[in-house]
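Trainee: Below, each chain spelled out in residue letters.
Number of protein chains: 2
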Amino acid sequence: MALLSHLSALPTLEDDLALVESKLENAVIAKDPYLTEIAKHLITAGGKRVRPGFTIASSAVGQSNTVSVPDEVLMGGVAVELVHLGSLYHDDVMDEAEMRRNVPSVNAVWGNHTAILAGDFLLARASEIAASLGTEVAALLARTIGELCEGQILELQSAYSLTRSEDSYELSIAGKTASLLSTACRIGGLTGELEREVIDQLTNFGHAYGMAFQIVDDILDIIATEDQLGKPAGNDLIEGVYTLPVLLALKSDIGDQLRELLGKELSTDARDQALTLIRSTDAVEKAYARAQVWAQKAKAELESLPSSPATNALFAATNHLLERANSAG
Amino acid sequence: MALLSHLSALPTLEDDLALVESKLENAVIAKDPYLTEIAKHLITAGGKRVRPGFTIASSAVGQSNTVSVPDEVLMGGVAVELVHLGSLYHDDVMDEAEMRRNVPSVNAVWGNHTAILAGDFLLARASEIAASLGTEVAALLARTIGELCEGQILELQSAYSLTRSEDSYELSIAGKTASLLSTACRIGGLTGELEREVIDQLTNFGHAYGMAFQIVDDILDIIATEDQLGKPAGNDLIEGVYTLPVLLALKSDIGDQLRELLGKELSTDARDQALTLIRSTDAVEKAYARAQVWAQKAKAELESLPSSPATNALFAATNHLLERANSAG
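Chains B and W, in that order, are what the protein sequence lines are. Numbering-wise, the numbering used here comes out as the position in the first sequence, counting from 1, plus 664. Numbering-wise, the numbering used here comes out as the position in the second sequence, counting from 1, plus 664.
Just so you know, these hints were derived from the structure itself, not from any lab. Computed from a predicted structure; not experimentally measured. There could be a bad hint or two in this list.
Treat identical chains as interchangeable: a pair holds within one or across any two.
Once the Cα atoms are required to be at most 30 Å apart in a straight line, the calculated DSSO-like pairs of lysine-lysine come out as [as the list claims (entries may be wrong)]:
| id | residue 1 | residue 2 |
| --- | --- | --- |
| 1 | Lys928 | Lys695 |
| 2 | Lys963 | Lys695 |
| 3 | Lys895 | Lys928 |
| 4 | Lys695 | Lys915 |
| 5 | Lys915 | Lys687 |
| 6 | Lys950 | Lys895 |
| 7 | Lys695 | Lys950 |
Produce the entire structure from the sequences given, and follow the hints as far as they go.
Mentor: Now the structure itself:
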């Protein structure tokens, strides 16, 4: 699993994530077996569990030797992952996605109505677990779900907009991606009962990591092959989501040509032309430099933390992020 | 407003609900004014605020004279109403509703994507407020959102089913309606810092009231005029939701005739035939008797509570509920 290579410096992670896995399945048991089946659908489809991994690693920062991870930390990871899964249920309805993680999407199997309600159910279970971890975690997770929605709505609002600003892009990815990664780390610090200063640093680390992560993801949608992505490149272009490399390309020499193609629904031909145009500029390089800046910020936060296997693991995960973009295309 | 007549025995209710109204508007302010506008849409469209009314009334049970309602109680009412509103956003997407409360629905104005996200946003804000009221309220509200989803999914699962049992109907309305009304009362008791025994009685009252409320609502969909409903009767039949009066009619002499019509999508002609058939039986009368039993249970809970203007108001609201069905048709 990719995550294990991300956080492989953390010796007990695999065991801890196995515990998260069974706790995830328990968390979505409903009175009705029908709902339980629907709520489990994407859990059993697998996933990298990046966010619980970050919760666990964050909780262990400063610990010099292998101690068992407290149950509260694992449940914090479960809550964060349930938010991620719930939002995927809703994403797939909105994108009319047929597949997710190599299995048919919930909406494809049970219809949109059920997928919306089951997504709500997962978010509710996440909130219930958060409440069991205290008011600070409960308030934080609720605020984070709100930020997720804000980021996504901002993105929808600027769909197909050729005048989308880089600020608007940053605000959107801060909400839709960085927020939950930052909260995953913060909940690790809170449930691991770390010092306030460390908790705040972990929160900043998660935010910076999340920003870099999303920029890299957006670069991959421009440069990666269909094999690497599991879907054709340029998917964001099709959906009218103009990400950082696109915004930078619009400012380049070929900006006018690109503007002619974009701003409307695209044929696959037009998408391929747009991709070729964007790749012909230094937009990807510039976007990558921006991801590097965020990764540097992330690592700077880690550098002031006590050294430990967990700190090293988070450091390695951040480096791995940049390699993702380098090895693609 | 209908609610004021429901709970009119409570002298300060109108003022308290005015406070709830402004707190509701504040609660949905987002960083982005665009999202704020969407999140406010159904709030400004008005509404009876039945649930905050019950929270406020519950908190005041046992108080002999008019004291001001604590801020926590009002915020509890806000949280409960936000859950109700968030679920309406999702309901309207699912039902492809064009109108809600005499204004265009959120999905009609901004599209399904935005309506799903804005619904999530309202639920998240509700959870955030609940967290500020302590872990017990936070856990309770989260559990209630889960129950709402469970009730609705159960209903979807039995859509168009001619073998839907009365038990399945009761389980579904317990989740989709009684749960939030019961929680509205419980949160009133919790935030009003009433005694545990009183809190539990209020919870039971809310559940029983909610069950009666939904059965009456389902009766009205069979017997009320279009003028009274604001939409044609038989809407549930069109959507394949076979409620208690329908299930009872299916067991009557005309059961086979009705079975011929139902179990599939209905033309308006077929709907009218089905309505005529159901009205020709004693199914509505029997369903009404069931609502009366629940209303009796609700009033029995109130009878053992300390007498006070609030207790009287809840009593009057329960009586009013039954009159609703009597005055229709």
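Trainee: Look at each hint and say if it fits the structure.
Mentor: Structure-based check of each hint:
1. Proximity of Lys928 and Lys695 under a CA criterion of 30 Å is satisfied inter-copy only: 28 Å between copies versus 46 Å inside one chain copy.
2. Taking identical chains as interchangeable, the C-alpha atoms of Lys963 and Lys695 lie at most 30 Å apart only when they sit on different chains, with a minimum of 29 Å there against 45 Å within one chain.
3. Taking the shortest alpha-carbon separations for Lys895 and Lys928, only the intra-copy value of 21 Å comes in at or below 30 Å, while the best inter-copy value is 38 Å.
4. Taking CA atoms no more than 30 Å apart as the test, Lys695 paired with Lys915 passes between copies only; the shortest distance there is 28 Å, against 55 Å inside one copy.
5. For a Cα distance limit of 30 Å, the shortest separation of Lys915 from Lys687 qualifies neither inside one copy, at 48 Å, nor across copies, at 44 Å.
6. For the homomeric pair Lys950 and Lys895, the shortest alpha-carbon distance inside one copy (24 Å) is at most 30 Å, but the shortest distance between copies (57 Å) is not.
7. Taking identical chains as interchangeable, the C-alpha atoms of Lys695 and Lys950 lie at most 30 Å apart only when they sit on different chains, with a minimum of 28 Å there against 52 Å within one chain.
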